[in-house]
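Counting in the numbering used here, the sequence shown runs from 1 upward without gaps.
Hints in this document: simulated from the structure, not taken from any laboratory. Note that the structure is predicted; figures quoted are calculated from it, not measured. One or more hints might be untrue.
For each label pair, taking beta carbons as the anchor points, the in silico distance ranges come out as [said to hold, decoys possible]:
hint, residue 1, residue 2, range
1, D46, L75, 14 to 24 Å
2, H82, E48, 13 to 23 Å
3, E43, E78, 29 to 39 Å
4, W90, E36, 24 to 34 Å
5, A76, E43, 13 to 23 Å
6, P45, A77, 33 to 43 Å
7, A61, R31, 35 to 45 Å
Every residue, glycine too, gets a C-beta built ideally from N, C-alpha and C.
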Amino acid sequence: MGRSGGRSPGRVAAPSSWSRLKRNRLEPVTRASAEERTQFRDEHPDWELAGEEITRTFRFADFSEAMAFVTRVALAAEAADHHPDIDIRW
Numbered sequence: 001m002g003r004s005g006g007r008s009p010g011r012v013a014a015p016s017s018w019s020r021l022k023r024n025r026l027e028p029v030t031r032a033s034a035e036e037r038t039q040f041r042d043e044h045p046d047w048e049l050a051g052e053e054i055t056r057t058f059r060f061a062d063f064s065e066a067m068a069f070v071t072r073v074a075l076a077a078e079a080a081d082h083h084p085d086i087d088i089r090w
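Hey, can you work out the whole structure from these sequences and the hints?
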């Protein structure tokens, strides 16, 4: 993980299928259809389709700013019981 021009991409992937732990059991989460993923991308042009995942890359001026953003995403995601894959690179 190295620096790239003083700015770092942070990749947030919202997978279309995953499982969550609930009452000590894994329960499948409904998979978004190809049509739903395409519709989402059409309505949110800053996001991209990568196979069955919906992704977006964010860039920040410094590591602290990137981590503050990830914390805000984590709080909102936890409240929504949604747990996206987040890839942080610096």
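The hints, checked one at a time:
Distance hint check: the CB atoms of D46 and L75 are about 21 Å apart, consistent with the given range 14 to 24 Å. A hinted range of 13 to 23 Å for the beta carbons of H82 and E48 is consistent with their spacing of about 19 Å. About 24 Å separates the C-beta atoms of E43 and E78, a value inconsistent with the hinted range of 29 to 39 Å. Take W90 and E36: their Cβ atoms lie about 33 Å apart, and the range 24 to 34 Å holds.
Judged by the Cβ atoms, the range 13 to 23 Å given for A76 and E43 holds: they are separated by roughly 19 Å. Take P45 and A77: their Cβ atoms lie about 22 Å apart, and the range 33 to 43 Å is violated. The hinted range of 35 to 45 Å is satisfied by A61 and R31, whose Cβ atoms lie roughly 36 Å apart.
Hints 3, 6, counting from the list given before, are not met by this structure.
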